[in-house]
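K.L.:
As given, the protein sequences belong to chains A and B, one line each in that order.
No gaps in the numbering here: position 159 of the first sequence is 158 in numbering that gives the first Met the number 0, and each next residue is one more.
No gaps in the numbering here: position 163 of the second sequence is 162 in numbering that gives the first Met the number 0, and each next residue is one more.
If you are wondering where the hints come from, they were derived from the structure by calculation, not from laboratory data.
Check the hints yourself; a few may be wrong.
To be verified - Facing chain B, from chain A, some residues (calculated, C-beta under 8 angstroms):
id : residue
1  : 150
2  : 154
3  : 155
4  : 307
Claimed, not checked - Here are the computed lysine-lysine pairs in the DSS-like style, where the Cα-Cα straight-line distance is at most 27 angstroms:
id : chain 1 : residue 1 : chain 2 : residue 2
5  : A       : 195       : A       : 217
6  : B       : 73        : A       : 282
7  : B       : 305       : B       : 282
8  : A       : 285       : B       : 285
9  : B       : 282       : B       : 217
10 : A       : 73        : B       : 285
11 : B       : 96        : B       : 73
12 : A       : 73        : B       : 282
13 : A       : 73        : A       : 305
14 : B       : 195       : B       : 285
15 : B       : 57        : B       : 73
16 : A       : 217       : A       : 305
Unchecked claim - Which stretches of chain B does chain A cover? Using the computed rule of at least three CB atoms under 8 angstroms from a CB of chain A, they are:
id : region
17 : 151-163
18 : 277-285
Predicted model, so just to flag it, every value in this text is computed and none were measured.
Glycine residues also receive a C-beta, built at the ideal position from the N, C-alpha and C atoms.
There are 2 protein chains.
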Amino acid sequence: MDAIITLDIGGTNTRCALFHTEKDDPVSIEKVNTSVNNEPAINRIIEVVEKSWPKDRKVVGIAAAAPGSIDVIKNEVILAPNIAGWQDYPLGEILEKHFNTKVLVNNDARMAAVGEWKRGAGRGHNDILYYTVSTGLGGGVITGGHILQGSRGIATEVGHIVLDDNGPLCGCGKAGHFESYSSGTGIQHHVERKIKEGAATILKTAAPSSREIAEAAKAGDELALEAFEIGGYYMGIAVSNYLHIFNPTCVIFGGGVTLSFDLIMPSFRASLEKHVLNPLYLKDLKIALAELGDNAGLIGTYEYMKQNV
Amino acid sequence: MDAIITLDIGGTNTRCALFHTEKDDPVSIEKVNTSVNNEPAINRIIEVVEKSWPKDRKVVGIAAAAPGSIDVIKNEVILAPNIAGWQDYPLGEILEKHFNTKVLVNNDARMAAVGEWKRGAGRGHNDILYYTVSTGLGGGVITGGHILQGSRGIATEVGHIVLDDNGPLCGCGKAGHFESYSSGTGIQHHVERKIKEGAATILKTAAPSSREIAEAAKAGDELALEAFEIGGYYMGIAVSNYLHIFNPTCVIFGGGVTLSFDLIMPSFRASLEKHVLNPLYLKDLKIALAELGDNAGLIGTYEYMKQNV
Numbered sequence: 000m001d002a003i004i005t006l007d008i009g010g011t012n013t014r015c016a017l018f019h020t021e022k023d024d025p026v027s028i029e030k031v032n033t034s035v036n037n038e039p040a041i042n043r044i045i046e047v048v049e050k051s052w053p054k055d056r057k058v059v060g061i062a063a064a065a066p067g068s069i070d071v072i073k074n075e076v077i078l079a080p081n082i083a084g085w086q087d088y089p090l091g092e093i094l095e096k097h098f099n100t101k102v103l104v105n106n107d108a109r110m111a112a113v114g115e116w117k118r119g120a121g122r123g124h125n126d127i128l129y130y131t132v133s134t135g136l137g138g139g140v141i142t143g144g145h146i147l148q149g150s151r152g153i154a155t156e157v158g159h160i161v162l163d164d165n166g167p168l169c170g171c172g173k174a175g176h177f178e179s180y181s182s183g184t185g186i187q188h189h190v191e192r193k194i195k196e197g198a199a200t201i202l203k204t205a206a207p208s209s210r211e212i213a214e215a216a217k218a219g220d221e222l223a224l225e226a227f228e229i230g231g232y233y234m235g236i237a238v239s240n241y242l243h244i245f246n247p248t249c250v251i252f253g254g255g256v257t258l259s260f261d262l263i264m265p266s267f268r269a270s271l272e273k274h275v276l277n278p279l280y281l282k283d284l285k286i287a288l289a290e291l292g293d294n295a296g297l298i299g300t301y302e303y304m305k306q307n308v
Numbered sequence: 000m001d002a003i004i005t006l007d008i009g010g011t012n013t014r015c016a017l018f019h020t021e022k023d024d025p026v027s028i029e030k031v032n033t034s035v036n037n038e039p040a041i042n043r044i045i046e047v048v049e050k051s052w053p054k055d056r057k058v059v060g061i062a063a064a065a066p067g068s069i070d071v072i073k074n075e076v077i078l079a080p081n082i083a084g085w086q087d088y089p090l091g092e093i094l095e096k097h098f099n100t101k102v103l104v105n106n107d108a109r110m111a112a113v114g115e116w117k118r119g120a121g122r123g124h125n126d127i128l129y130y131t132v133s134t135g136l137g138g139g140v141i142t143g144g145h146i147l148q149g150s151r152g153i154a155t156e157v158g159h160i161v162l163d164d165n166g167p168l169c170g171c172g173k174a175g176h177f178e179s180y181s182s183g184t185g186i187q188h189h190v191e192r193k194i195k196e197g198a199a200t201i202l203k204t205a206a207p208s209s210r211e212i213a214e215a216a217k218a219g220d221e222l223a224l225e226a227f228e229i230g231g232y233y234m235g236i237a238v239s240n241y242l243h244i245f246n247p248t249c250v251i252f253g254g255g256v257t258l259s260f261d262l263i264m265p266s267f268r269a270s271l272e273k274h275v276l277n278p279l280y281l282k283d284l285k286i287a288l289a290e291l292g293d294n295a296g297l298i299g300t301y302e303y304m305k306q307n308v
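Construct all of the structure, not just a fragment, from the sequences and the given hints.
P.N.:
Set out below in C-alpha cells:
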C-alpha cells in the first residue's frame, strides 16, 4: 500500500501529515518549530518527515506548501521572506535527494484553496475564489476545474492588485493594494494612522493588535468599527473585480481575520452589490467561510500530489 | 469532407467565414450589415450563413462570436447592448434549428484571444493576456492552455476592474474602471473634461474623436499627449494587476487604439515597471501587438469549434 507525506511550512511552525492513499484523512499530523536557534529550517523539516515516515508503506510522494513565491516547475522557493535563507532555494531537489521520492512544492495559500475545493467549502464547484485574510492577504483560484498557477507558478497573488494608486502602503512596498486595505495589517494601519491624527478611541496604545481592535469594535468604538468597515468596503471592490475576471460559483474566506467577519460583512456585501457589473455575477454565488481550518494546506497538498503522482 | 462556418457579429457589420476543416485559413469571407432598416439582425445572419454554405461538404458546426455577455453553456446572448433586442436571446438555439447543425456562441473579444493564441501573436504560449483596446476595452485570457470562461461564460470582463473608486465614469456606469482610463472613449473623455476646465489645446472641438486627439498629440499638443500618457499609466497599473493574477508569458494588444500605441507605450512601460511586484513577472514576458487584425474573431471561433466539435 502507498503513502503520501505533506508539509505545511510556515514562518513559525511546520506541520507534517502522513496519508494512506486509499483514505481521505491524514493518519497522523506532526508539528515542529520551523527554526530553532537560527538552525536552517530544512533540518527540522527533514526531521519531521523522517518522524512521519511509515514503516510498512511505500511513500510515493512528498508535497510541500510554503509561504511566498514558488516556482512550481522547478519546485523551488523563489522567495519566502519569513524563512531565513529561502531565496532561490531548491527545496524540492533537497527533499527529493534525501528521501528518494517525488517531491512537489507549491504556495501555501494556493494549496489551502485546493483543500477547500476538494474537501471543504468548495466541494462540487469548478470555479472558486479562495482568500486567506490574516496578517497578509493571499489566496488561490480554481477555474474550470483547473488550479490557476501561471507560467512559473507565481500567479494568484490576489492581495497585490491596485485598488487606489494613492492608497496606503502595502507590506510589499507598493501602494493601495487589496492587502493594504483588507488584511489584518491593513486594518491595524488604518487605526494607527487615525490615532496619530488624533481620532477619539477607547484603544489604549498607538499600535493596537487586530484582536484589540476587534474587541474595541465589539464594544462600540467608532474608530475600530470604521477600520473594519473600510476593510470590508475595499474587499467588496476587490472581490467584484475578481468576479468580473473569473465568474466563479463560490467565494471562500479563510484566515484569522474571518474571526471578525461579522464586523466586515455588512460593508463588504454592500460594496460588492454596488461594484458588481451585473447582478448575474452574484446569482447562485456561494460566499462561505473556509471549513478545513489549519488542515486546509495539508489536505490541499495531498490532493495536489494525488493529481500529479 | 467537413466544413465549419464562423461568424463575427458586430453592432455594425457581421462577417462570416467558411473553413474546410483540413485547412487553417478560410475559404471565403462574406460581410454584411448586421441590421438594415431596423430589420432583426438574425435575418441578415441567416442570409450570410446560407450564402457561405458549401455545396459539396458537410457543415459540422457554426461558431458565432458576439459582442456582450454570452452564456456559453446555453449558447445564449445574455446582453449585447449594440444589437437591438438581444437580451436573453437564444442565438445558438435559433441557428441550430435553422441549420440543423451544432452551434456555439461566445464573446467576440475572447474568440479574438483564441485566434491570437492559436494562430497569431500568442502561438506557442500557454498563458496569455489579450486586450482589445478600442471604443471599449475587452479581452480574453488563456491560462495553462485553457480558455478562461468562468461558470456561465461571463468571465474576463477585463476592462471592468476598479483602479480608482473615485475615478472617471465608465461606459458601464461604474467609476474608475480600467476601460474608463485606457480605452479610446476613456482617452476622449479625459480630453473633453480638460477642455471644459479650460485647458489649452490645438483641438478645435469640445468633443474631439480619438483620431483627432492622436493627430494633435503627434503635432505636439500637450493636452492630447497627456491623455495618452494617462491612458498608458493606468494600463500599466491594470496589466501589472493581471500579471500578479495570471503570471502569463505573453500580453497581446489589439483594437483600434493600438494604431496610437507609440503615444501610449512609454508611460505604459514605465508604469508597468513601477507597479509590478517583482521583476520576475516581466522576465521573458512577450508584449506584442495582435497579428490577425479583423480576422482574429473568425479564426478564433473556428479554433474554438474545432476544440469542441
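K.L.:
If a hint holds in the structure, say so; if it doesn't, say that too.
P.N.:
Here is how each hint holds up against the structure:
1. Checking residue 150/A against chain B by beta carbon gives a least distance of about 4 angstroms; that is within 8 angstroms, so the hint holds.
2. Proximity of residue 154/A to chain B holds as hinted, the smallest CB-CB distance being about 4 angstroms (cut-off 8 angstroms).
3. The criterion of a C-beta within 8 angstroms of any C-beta in chain B is met by residue 155/A, whose closest approach is roughly 6 angstroms, and the hint holds.
4. Violation of the interface hint for residue 307/A is found here, the shortest Cβ-Cβ separation to chain B being roughly 13 angstroms, above the 8 angstroms cut-off.
5. Between residue 195/A and residue 217/A the alpha-carbon distance is near 22 angstroms, which keeps this suggested pair within the 27 angstroms criterion.
6. Of the supplied pair hints, the one linking residue 73/B and residue 282/A holds, its CA atoms being roughly 16 angstroms apart against a limit of 27 angstroms.
7. Taken as a hint, the residue 305/B and residue 282/B pair is broken in the structure, with Cα atoms around 33 angstroms apart against an allowance of 27 angstroms.
8. Taking the CA atoms of residue 285/A and residue 285/B, the gap is near 37 angstroms; set against the 27 angstroms cutoff, the hint is violated.
9. The suggested pairing of residue 282/B with residue 217/B is violated, with an alpha-carbon distance near 31 angstroms, which exceeds 27 angstroms.
10. This hinted pair checks out: residue 73/A and residue 285/B have alpha carbons roughly 21 angstroms apart, not beyond 27 angstroms.
11. For the proposed pair residue 96/B and residue 73/B, the alpha carbon gap of about 14 angstroms is at most 27 angstroms, so the pair holds.
12. A hinted pair counts as satisfied when its Cα atoms are at most 27 angstroms apart, and residue 73/A with residue 282/B qualifies at roughly 16 angstroms.
13. For a cut-off of 27 angstroms, the pair hint linking residue 73/A to residue 305/A stands: about 18 angstroms separates their Cα positions.
14. Straight-line distance between C-alpha atoms of residue 195/B and residue 285/B comes to about 39 angstroms, which puts the hinted pair past the 27 angstroms bound.
15. Distance check on the hinted pair: residue 57/B and residue 73/B sit about 24 angstroms apart at the alpha-carbon level, within 27 angstroms; holds.
16. A threshold of 27 angstroms between alpha carbons decides the hint, and for residue 217/A with residue 305/A the separation of about 44 angstroms lies outside it, so the pair is violated.
17. Evaluation of the coverage hint for the region 151-163 of chain B: fulfilled, as 12 residues show C-beta separations to chain A shorter than 8 angstroms, against a requirement of three.
18. With 3 residues having a Cβ less than 8 angstroms from any Cβ of chain A, the region 277-285 of chain B passes the three-residue criterion, so the hint holds.
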